[in-house]
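Chemist: Guided by the hints, dock chain X with the ligands onto chain F, whose structure is given.
If you read the sequences in order, they're chains F and X.
Oh and the first sequence: position 255 is 255 in my numbering, straight run, nothing missing.
Oh and the second sequence: position 229 is 555 in my numbering, straight run, nothing missing.
Warning: the hint list may mix true and false statements.
On the chain F side, residues computed to face chain X include the following (Cβ under 8 Å) [claimed, not checked]:
id	residue
1	Ala230
2	Gly232
3	Pro275
Hints listed in this document are in silico derivations from the structure and should not be mistaken for laboratory results.
Just so it is clear, the structure is predicted and the values come from calculations on it, not from any experiment.
Note that CB positions come from ideal geometry on N, CA and C, so glycine has one too.
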Amino acid sequence: MSKVPESGTSAGRAGTSAVGELPTARQALLAGLGVLFWGWLIVRWSYDRLVAPSVNVTDREPFVPAGPLEGVADALSTVATDLGALGTPIGWLAWAFETAALGVRNLPALAEGALITVQLTVVSILCGLVIAVPLAVARVYGGPVTRWTALAYTELIRGTPLLAQLFVLWFGLSLGPPVRGLPGVGGPLPSAAVVVAMIGFTINSSAYQSEYIRSALTGVDAGQLTAARAIGLGKLAGIRHVVLPQALRFAIPGWTNEFIYLIKYSSLAAFITVPELFRRARDIGADTFRFTDIYAVIAVFYLAFVLTTAAAMRHFEDRTAIPGLN
Amino acid sequence: MTLLAFDGVTKHYGEELVLDAVSFELDRSEVEVIIGPSGSGKSTLLRCVNRLAEVDNGTIRFDGEPIGDTDADELRRQVGMVFQDFNLFAHRTALGNVTLGLRRVRGFSKEEARERARRELEQVGLGAQLDSYPAELSGGQKQRVGIARALAMDPELLLFDEPTSALDPELIGEVLAVMRELADDGMTMLCVTHELGFARSVADRLTFLEAGAIVERGDPERLFTDPRSDRTAEYLSRLTGEY
Ligand SMILES: Nc1ncnc2c1ncn2[C@@H]1O[C@H](COP(=O)(O)OP(=O)(O)OP(=O)(O)O)[C@@H](O)[C@H]1O
Ligand SMILES: [Mg+2]
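Okay, chain F solo, but in the shape it has when bound (with noise of 0.2 Å):
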């Protein structure tokens, strides 16, 4: 409609496009390997719910052999052991192709437990961001009373270990039992253990994210709320249209970091028992002996996820973004 606005957003186009002309080979690479991973996990998941869903997880085949990866193993460690110490090179390839015949012949307990960890990290950061939001409030634009609850709610939180307060729900409270007994879990909710596991990261996550939120809202100019209240908004109405929707967009950033954190604690959630990523790589150890092969395997996974999050966040922040807000 006027000429501003259209100026402004081509001329913000036309400075990213500049900025990202250079890695575009890297990123298209690593777009590619993104799209395969998880196209591959998404096939896998469907297939395993929809076409052979009273398959055993581990009974279940990958769909490619690891067969010629073993042969290229062999291969490569016999060549190894004849050159004798000049071999050792080629015997670490060697490794690496065993280590990927191991990983490609685990593909579809792993991809089961990747779905956990996903799920767990998913809704806990989610579940986590709406209690952390009235917490953040609270600590910034509360009375003394609120301010001091939420304050020792988040140092509690803070300064206790993860694993403890898993622990605590766990065995302290037992709350498996009664969890359990809820309609839905482990028919279509995921099983007790992992709600528990939910139930903790939440809490845990809630902290953290509180305190990225609340030094987000004290970076808000005062003026804002001032001019909110002047035109008859009140103080809470003020907080969510006017101071929160600039807030949280600063607290990007730093909230994905802790999306990042959680993707890699929630690795934790395998110590109460909940089949997710590690501990299905644990069992795998277990009953090979074969540990370090299997943990550089789901290494792998968790660096997905990871670099999958901060692209999508590098994304939603673009997407948000504001000229002049940042």
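Modeler: Coordinates of chain X with the ligands only, in the frame set by chain F:
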């Protein structure tokens, strides 16, 4: 008819006396300009009117009612405020700045609010900047959005706290022109400003505030030509640069 009346209003910040027994009355459709040195309590006086600050003693009546008796949010809907540093909602476009109050305070539908906001912005000459964000506007344009945002609430009184002090000299005129138009349309205005030309040609009353107390108040022309107090004479000559 009196719209705003201060009666012996006193206010402290801690030990400091910021408003000292301030009394005056402002009629409907009148324009009052307040001048005074930095720290004399001008902003505080304005903020007491819409209860962004609470008085210690004395009463402020708005439309006959002591303001303490009305709901603060309701009072603020009827008393618009324009700020020195604009305080535009940084995450909203010019249009969004004006629609927020219409939607959330006055309960307009989305369409009604957009329509009304568009008209307010056209009124202040910003029909072409509806979709611009504050950061994309000049200072003068920002302040005009600020005025449109206040006007959209249909206020009975507008408070201006140094609306042109943050502007480059060449942008002051466009804001004063809007204010002059409002005055001509009969808006009641209480303005803190050191634009003496505006005070002389638009204001019905000029008040000189010093150390929280009214030193002199009257017809602007009279204060300029025939001040009763030496302090007024001295301050005005300092402002006009006539030593
Ligand atoms: N929120 C506050 N808390 C404590 N003291 C304040 C507050 N607001 C203002 N004051 C003090 O009250 C006095 C009057 O301030 P006020 O802002 O009303 O003056 P002013 O006339 O508007 O000054 P200026 O021309 O600089 O804007 C000053 O000494 C100031 O330091
Ligand atoms: Mg002031």
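Chemist: Please go over all the hints and tell whether each is borne out by the structure.
Modeler: Evaluated hints:
Taken as an interface hint, Ala230 (chain F) checks out: its beta carbon lies about 4 Å from the nearest beta carbon of chain X, inside 8 Å. Satisfaction of the interface hint for Gly232 (chain F) is found here, the shortest Cβ-Cβ separation to chain X being roughly 4 Å, below the 8 Å cut-off. A least Cβ separation of about 43 Å between Pro275 (chain F) and chain X goes past the 8 Å threshold, and the interface hint is therefore violated.
The structure shown violates just one earlier hint, number 3.
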